[in-house]
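**Student:** The lines below spell out each chain.
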Amino acid sequence: MSVLISKEKKVKNKEFHPNILCFCCNWCSYAGADLAGVSRFQYPSTIRIVRVMCSGRVDPSFILEAFKDGIDGVIVTGCHIGDCHYLKGNEFARDRFERFQKTLKLFNLDKRFRLEWVSASEGKRFAEIITEFTNQIKELGPLRLI
Amino acid sequence: MNFIVEIERSKKAKLEADEFNSYLRKIYEPDLTSLLKKCYQCARCSGVCQISKVQKFTPSRIIQMILEGFEDEIIDSQVLWDCLMCNSCLQHCPKDINFADIVRIARYKMRLKDIQNLDRSIAHKGIYPLMSELMIQKNIKIERPLDWIPKDCKISEQGNILYYVGCLPFFNYEFQDSNSIAESTLKIICQLEKDPVVILKDEICCGHDLYWGQAKFEVFIELAKKNISIFEKAGITSIITACAECYRTFKIDYLNLFEDFNKKFEVKHIIEYIFDKWKQGKVQFKNPNESNDVIPFTYHDPCRLSRFLPKDNKIIEEVREIFKHLKTIGYDFKEMEHNKENSYCCGVNSWMNCNEKSKALRYKRLLEAKAVGTKMITSCPKCRMHLKCLKKDYEDFSSIEILDFSEFLVDLIKIIEPNQTVEEK
Ligand code: SF4
Ligand code: SF4
Ligand code: SF4
Ligand code: FES
Chain A
1 MSVLISKEKK VKNKEFHPNI LCFCCNWCSY AGADLAGVSR FQYPSTIRIV RVMCSGRVDP
61 SFILEAFKDG IDGVIVTGCH IGDCHYLKGN EFARDRFERF QKTLKLFNLD KRFRLEWVSA
121 SEGKRFAEII TEFTNQIKEL GPLRLI
Chain B
147 MNFIVEIERS KKAKLEADEF NSYLRKIYEP DLTSLLKKCY QCARCSGVCQ ISKVQKFTPS
207 RIIQMILEGF EDEIIDSQVL WDCLMCNSCL QHCPKDINFA DIVRIARYKM RLKDIQNLDR
267 SIAHKGIYPL MSELMIQKNI KIERPLDWIP KDCKISEQGN ILYYVGCLPF FNYEFQDSNS
327 IAESTLKIIC QLEKDPVVIL KDEICCGHDL YWGQAKFEVF IELAKKNISI FEKAGITSII
387 TACAECYRTF KIDYLNLFED FNKKFEVKHI IEYIFDKWKQ GKVQFKNPNE SNDVIPFTYH
447 DPCRLSRFLP KDNKIIEEVR EIFKHLKTIG YDFKEMEHNK ENSYCCGVNS WMNCNEKSKA
507 LRYKRLLEAK AVGTKMITSC PKCRMHLKCL KKDYEDFSSI EILDFSEFLV DLIKIIEPNQ
567 TVEEK
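Going line by line, the protein sequences match chains A and B.
The numbering of the first sequence is the numbering used here, which starts it at 1 and goes up by one.
The numbering of the second sequence is the numbering used here, which starts it at 147 and goes up by one.
It should be emphasised that the hints constitute simulated quantities derived from the structure, not laboratory data.
Here the structure is a predicted model, which is why all the values come from computation and not from measurement.
There could be a bad hint or two in this list.
DMTMM-like, lysine to aspartate or glutamate: derived pairs with alpha carbons at most 20 angstroms apart [said to hold, decoys possible]:
1) LYS432(B) x GLU464(B)
2) LYS105(A) x ASP293(B)
3) LYS287(B) x ASP69(A)
4) LYS271(B) x ASP59(A)
Chain A with its partners taken away, still in its complex shape:
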């Protein structure tokens, strides 16, 4: 019995570690994330990176699906406007997610999603963004959809 209780206590005290999904475009942001790792900038181990060829590849349905499958926050990163490897992919992404933000608001999920531009040389910025976003999600608490 005592074993069980101590286990229960542990669960109660356990800090909330959000599950965060991060879409990185292959040409800038993924390299940025890589740089953050190589240069040993500290950032929370809560994120799972999915590499896509361009931020324009990310469809809003991916984000809803991620939430449905138990993710607490989603962040999409791409090259800075004008730097996209495919010229306009990130502009499409920007316009699309601007509209999609309103839909997320209907579900009260708008604070759990973010779109950011990170270039290949901005390893530090990548780490900062992830830290900040993780803190934001921690404040919001778990979503608990599964």
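Using the hints provided, position chain B with the ligands relative to the given structure of chain A.
**Tutor:** Quick look at chain B with the ligands alone, frame taken from chain A:
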């Protein structure tokens, strides 16, 4: 202690599963052969099948194969995802074989088998069915914006009459003009009702698409239960909707699940609603423009209002009576070549089958419309979206204006004040 908690939890889970199965039994009949055995292979269904006009698809052959014991092969081949669920086959079947309903059941079976992940091939990458799925989650709080509501409309959260908006605000992300349907409908209802109309901030999807298109019956049942509890909490007794799919779902599919649904709530489509008020002498039609031009217009019957309702439902006649009357104010109603129960399908049902083949169907439909009028009215928001989507691609259709029923009538309707009718009498 923990052990007891554990037992309680498993008991609860079992109860939930039992409840779900009792509902599922009402809408899911796994024995397809028993549903089909009356078929005598006259092949009329294959003759009228809408999708067979543009691709190879023969319902009668599929039925025959199932009857001969090749059901597993049919399920494995995934061919039934191609059916448009337009119900034309039922209209012409001498033995009343409801093929679309069988496809619905077969789709559930295909899903259980889990051969191919279909969700990726739904139109718009399946985002709209996904939204409906999110709505049953306990931790998601839906908060609809109310900024589209016309200024002089009185609305409330509690009351008798509900305007069920449906998924329009959710479509807004890609179809920016969808709010105008809701706006015009509410404008009409507000003028006719003395009490404030109920608009629910936390309204959820009726589940039509998940029921017919993606065969996610679990979610459909949850949505139905949640909807009913929301309605009851707000004290609703009658529901008005401007969406053909919501109408059919409430009228028939919810009734299959909950026998007392139509005793608790009276469901009306906006066409019925306006027709009744018109017959009661509460509305008139007036043309705001003084010009003498006659505007020819036509009406596209959504399948949910023409082929998916019981035979005693009069909506398709009622809407035509209104339209014929409009001749007096300079709107000339013309029928398209295929109309009423025979009308062509818009080709995309429940966000399924949006491809170049169903696009051909839409193209044909717009050609028919172009031949007879400059305005094309429909009473299903999704028909309007899909047809408009095609119109964008072809310049030769730029002369046609595609409108929803309420968008069309909102400027033409004139309300007679209650006291005014008394005076006249
Ligand atoms: S029309 Fe009816 S009876 Fe004839 S083949 Fe089709 S399902 Fe069978
Ligand atoms: S529902 Fe429509 S598409 Fe499907 S088999 Fe019947 S007629 Fe053909
Ligand atoms: S027809 Fe157009 S609006 Fe309809 S599902 Fe296809 S792409 Fe979307
Ligand atoms: S390649 Fe980086 S955003 Fe397009």
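**Student:** It remains to establish, for every hint, whether it holds in the given structure.
**Tutor:** Do the hints match the structure? See the list:
1. LYS432(B) x GLU464(B): Measuring from Cα to Cα gives roughly 19 angstroms; hence the hint holds.
2. LYS105(A) x ASP293(B): Answer holds: LYS105(A) to ASP293(B) is near 14 angstroms, not above 20 angstroms.
3. LYS287(B) x ASP69(A): holds (17 angstroms)
4. LYS271(B) x ASP59(A): holds (8 angstroms)
Violated hints are absent here; each numbered hint is respected by the structure.
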